[in-house]
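A.B. asks: Generate coordinates for the entire structure from the input sequences, incorporating the hints supplied.
The primary structure of each chain is shown beneath.
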Amino acid sequence: MHSNVDDKAGESAFAFEGTWREFAPIAFTNLLLTIVTLGIYRFWATARERRYLWSRSRFVDENLEWAGTGKELFLGFVMVMLLFLLPYFALTFVAQALIARGQEALGLALVSGALLLIFYLGGVARFRALRYRLSRTHWRGIRGGSDDQGLAFGVTYMWKTVVGMLPAGLLIPWSMTSLWNERWSKMSFGPFAFASNADPGEVFARFLLFYLAPFILFGIGIVAAVSGAATGFTGQPSDTGATTMVIGVIGAIAFFYLGLGLIAVAFYAKFYRVAIGALRWRNLEFSFNASTMDWVRLLLVDVMLVVFTLGIGAIFLSYRHWKFFITHLEAHGEILLDELTQSTTTIAAHGEGLLDAFDVGAF
Amino acid sequence: MDGGFAVAASWYDGGNALRHEGTARWDGREGFVLDSGTSRIEVPLAELRFSETRGATRIYHRAGEDGFRLILPRDVPAGLAGRLPASGEYGAWIDRLGLGRAGAIFAVVSAAAVALFVTAPDWLGPRIPESWERRIGEAMVGDLGGRLCHTPAGDAALDKLLAKVDPGQTRVRAGVANIGLINAVALPGGQVLLFDGIVRQAQSPEELAGVLGHEVGHVRERHVMTALLRQFGLSVLLAGANSGIGDTAAGIASMGYSREAEREADAFARARMATSRISPAATADFFERMAGESGESESDSALIGWLASHPAALERARAFRAAGKKGAAYLPVLNASEFAALKSMCADDPEVETFDLF
Numbered sequence: 001m002h003s004n005v006d007d008k009a010g011e012s013a014f015a016f017e018g019t020w021r022e023f024a025p026i027a028f029t030n031l032l033l034t035i036v037t038l039g040i041y042r043f044w045a046t047a048r049e050r051r052y053l054w055s056r057s058r059f060v061d062e063n064l065e066w067a068g069t070g071k072e073l074f075l076g077f078v079m080v081m082l083l084f085l086l087p088y089f090a091l092t093f094v095a096q097a098l099i100a101r102g103q104e105a106l107g108l109a110l111v112s113g114a115l116l117l118i119f120y121l122g123g124v125a126r127f128r129a130l131r132y133r134l135s136r137t138h139w140r141g142i143r144g145g146s147d148d149q150g151l152a153f154g155v156t157y158m159w160k161t162v163v164g165m166l167p168a169g170l171l172i173p174w175s176m177t178s179l180w181n182e183r184w185s186k187m188s189f190g191p192f193a194f195a196s197n198a199d200p201g202e203v204f205a206r207f208l209l210f211y212l213a214p215f216i217l218f219g220i221g222i223v224a225a226v227s228g229a230a231t232g233f234t235g236q237p238s239d240t241g242a243t244t245m246v247i248g249v250i251g252a253i254a255f256f257y258l259g260l261g262l263i264a265v266a267f268y269a270k271f272y273r274v275a276i277g278a279l280r281w282r283n284l285e286f287s288f289n290a291s292t293m294d295w296v297r298l299l300l301v302d303v304m305l306v307v308f309t310l311g312i313g314a315i316f317l318s319y320r321h322w323k324f325f326i327t328h329l330e331a332h333g334e335i336l337l338d339e340l341t342q343s344t345t346t347i348a349a350h351g352e353g354l355l356d357a358f359d360v361g362a363f
Numbered sequence: 001m002d003g004g005f006a007v008a009a010s011w012y013d014g015g016n017a018l019r020h021e022g023t024a025r026w027d028g029r030e031g032f033v034l035d036s037g038t039s040r041i042e043v044p045l046a047e048l049r050f051s052e053t054r055g056a057t058r059i060y061h062r063a064g065e066d067g068f069r070l071i072l073p074r075d076v077p078a079g080l081a082g083r084l085p086a087s088g089e090y091g092a093w094i095d096r097l098g099l100g101r102a103g104a105i106f107a108v109v110s111a112a113a114v115a116l117f118v119t120a121p122d123w124l125g126p127r128i129p130e131s132w133e134r135r136i137g138e139a140m141v142g143d144l145g146g147r148l149c150h151t152p153a154g155d156a157a158l159d160k161l162l163a164k165v166d167p168g169q170t171r172v173r174a175g176v177a178n179i180g181l182i183n184a185v186a187l188p189g190g191q192v193l194l195f196d197g198i199v200r201q202a203q204s205p206e207e208l209a210g211v212l213g214h215e216v217g218h219v220r221e222r223h224v225m226t227a228l229l230r231q232f233g234l235s236v237l238l239a240g241a242n243s244g245i246g247d248t249a250a251g252i253a254s255m256g257y258s259r260e261a262e263r264e265a266d267a268f269a270r271a272r273m274a275t276s277r278i279s280p281a282a283t284a285d286f287f288e289r290m291a292g293e294s295g296e297s298e299s300d301s302a303l304i305g306w307l308a309s310h311p312a313a314l315e316r317a318r319a320f321r322a323a324g325k326k327g328a329a330y331l332p333v334l335n336a337s338e339f340a341a342l343k344s345m346c347a348d349d350p351e352v353e354t355f356d357l358f
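Protein chains in written order, with our numbering: chain X, 1 to 363; chain H, 1 to 358.
Don't take every hint at face value.
Said to hold, decoys possible - One side of the interface only, derived from the structure: several residues of chain H facing chain X at Cβ under 8 Å:
#: 1; residue: PHE5
#: 2; residue: PHE68
#: 3; residue: LEU99
#: 4; residue: PHE106
#: 5; residue: SER110
Claimed, not checked - Chain H is nowhere near these chain X residues, computed Cβ spacing over 10 Å in every case:
#: 6; residue: LEU32
#: 7; residue: LEU116
#: 8; residue: GLY141
#: 9; residue: THR156
#: 10; residue: LEU179
#: 11; residue: PHE215
#: 12; residue: LEU258
#: 13; residue: ALA264
#: 14; residue: LYS270
#: 15; residue: LEU284
#: 16; residue: ASP302
#: 17; residue: VAL303
#: 18; residue: MET304
#: 19; residue: THR327
#: 20; residue: GLU330
#: 21; residue: ILE347
Since the hints were derived computationally from the structure, they do not count as laboratory data.
No experiment lies behind these values; they were computed from the predicted model shown.
By construction, the Cβ of each residue, glycine as well, lies at the ideal position given by its N, Cα and C atoms.
C.D. replies: This is the structure in structure tokens:
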């Protein structure tokens, strides 16, 4: 028995069937309960939200299912607190005391050791968050996961991130794609592993925009300075000179934030198209078709939604982002349902606590 | 009728991704028989766990079976509905209590917890044994050693001054720190520091007795522990923003006490000075000078430290002025050579190190 993912011409294999009206009661009750529990309900709120979002996400002919619970997210958080944050606080306390006693070298060594540990655990956390999400995502009763603990990935994450930044940051596209490839190739769904061969060359041109921006800014600055000087030479410090200056400064600031922000969006839009486009699983190929304009629109509406509701609209952001992700995600190929057997990977008994602690997303 | 009935059902067995469509036949007692012609599974009702409601269906898991999913219509005959696990929405506790009641209970408990947390420094601080505070102070600040100024004559003068304003059996430790700022601090662990700057500008030993008495008051009234707990609570709340505890030791120097605590420390100083027959007028003079300095637009920035953490200098000056009694026989707290030794203590100590903690 098999299911052809390209069955219906023109229709994506992934579809989102939720509505914000259905999501609103979940979001508002979550907000209420999170407030009255001083934030502790957050873990159960996340689980409820995901259960809804996954259940309204259809892949071919069956909806996804989120099997994760609030309790395991909570336990993950508690674990991170006990195993990591408390020792970290103790360490910085000891380091501070050492420095106060004049043992600066030892104190600084302890502090940098702690920072190095955070760096390492950040990598492990990224890996385990993806593993956790796959292991709790069911489709037709089958789930994903990984047999890897992510401990080795933490080491690769450290050195590739450092090497990526060394030559003036020029190897960042390489470190990003290669870490993406490594992380996904250790993941599986059912009995089959994912594979990814994203090519850093494809995102490199976009990345160079970051380097071009300062030159453009510099050029604009020269033009402004020259025209400002020209008005100055007439001997009368007129209003136009000051106006040019003000416009120049405002323009530079606007360019810096909006321009660099826009470049970042353009880069990430390209990155996700390339990275997800390089992802394969058995006979399936994935693609992600969100353009830079799609991202800009998503982010602009996000900002308006939050600003015009005085912040309350923020509870709909997870809905909007998930919907954006699913509607732009596509898959092509073929799935043999009877060879798609249950994953044999182990299920971690706790949630993505480590990642929560570092506040980074899974993708 | 109680002999059971069948409802349409579909399921995944968790072994592979094939969907089975058929009937779930209830035997009227403890279990289901799922039958699709190609697949036949018996499932005890007790092993079913509610998962979610999706459209007109309800989805159930089976305990201990990874991936088993039973999809039943939302409307099943009442006899069966009562035996199926109840559907949940918010999480077990809240489902049992109901959203409104659970929300109200959580709100009350949370408000109580917040109240307890916010007031904890005030009622917990004074109850923490002084020996604990001393140990915490040792761990945080340690022995300031070479950074305090020492000369035999200066130490003797400081001891004499301290004896007049500190009634405790175990004496508060006082020192003159090699810092030019006009300031004084009470550190955790019953350690009081006069900065060299405040000692040098002093016009009389009585004025230093007032300042020292004030800081000793912070220690004796347990303000230090209270502030330490408040700082610690804040750093716990802000955890993640930075390494809160690490900053605490340095933060102690700039740590603000409440106005009420400042008044208490002042009152302590006045009471001690009255007992030791030290005139409070000089301390009032000091506050007036400070108030005057801060009134000027271009005041020495070194003054800001003392003033920022000790607001309303004029009000305090009035309180010290009022404490003075006409015709009272006040005794000089230090003689001229003792006072001079104290003032030149840092300049005369060749081994003192520069102080960079604050």
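A.B. asks: Evaluate each hint against the coordinates.
C.D. replies: So, going through the hints one by one against the coordinates:
Evaluation of the H:PHE5 hint against chain X yields a violated restraint, the C-beta minimum of about 26 Å exceeding 8 Å. Checking H:PHE68 against chain X by beta carbon gives a least distance of about 7 Å; that is within 8 Å, so the hint holds. Interface hint at H:LEU99: satisfied, since its Cβ lies 7 Å from the closest Cβ of chain X, which is below the 8 Å cut-off. Taking 8 Å as the C-beta contact cut-off toward chain X, the hint placing H:PHE106 at the interface holds, the least distance being around 4 Å.
The interface hint given for H:SER110 holds, since its Cβ lies 5 Å from the closest Cβ of chain X, which is under the 8 Å cut-off. For X:LEU32, the non-interface assignment is contradicted: its Cβ lies about 6 Å from the closest Cβ of chain H, within the 10 Å cut-off. A cut-off of 10 Å between C-beta atoms confirms that X:LEU116 is not in contact with chain H; the least separation is 15 Å. The claim that X:GLY141 lies off the interface is violated: its Cβ sits roughly 3 Å from the closest Cβ of chain H, which falls inside the 10 Å cut-off.
X:THR156, annotated as away from the interface, keeps every beta carbon of chain H farther than 10 Å; the closest lies near 26 Å. The beta carbon of X:LEU179 is kept farther than 10 Å from every beta carbon of chain H, the shortest such distance being approximately 24 Å. Non-interface status of X:PHE215 relative to chain H is upheld: no Cβ of that chain comes within 10 Å, the nearest being about 36 Å off. Every Cβ of chain H is farther than 10 Å from the Cβ of X:LEU258; the closest lies at roughly 28 Å, confirming the non-interface assignment.
With 10 Å as the threshold on Cβ separation, the claim that X:ALA264 sits away from chain H holds: the shortest Cβ distance comes to roughly 24 Å. Distance check for X:LYS270 against chain H: the nearest CB is about 32 Å away, which clears 10 Å, and the non-interface claim stands. Even its closest Cβ contact with chain H, about 13 Å, leaves X:LEU284 beyond 10 Å, as expected for a residue assigned away from the interface. Non-interface call for X:ASP302 relative to chain H: holds, since the shortest CB-CB distance, roughly 24 Å, exceeds 10 Å.
Separation of X:VAL303 from chain H is adequate, the least Cβ-Cβ distance of about 24 Å exceeding the 10 Å criterion. Consistency note on X:MET304: stated as away from chain H, and its beta-carbon is indeed over 10 Å from all of that chain's, at 28 Å minimum. Look at X:THR327: its CB is around 20 Å from the nearest CB on chain H, clear of 10 Å, so calling it non-interface holds up. Every C-beta of chain H lies more than 10 Å from that of X:GLU330, the closest at about 20 Å, which supports listing it as non-interface.
Residue placement check: X:ILE347 does not keep its beta carbon more than 10 Å from all beta carbons of chain H (closest about 7 Å).
Consistency note: the structure conflicts with the earlier hints numbered 1, 6, 8, 21.
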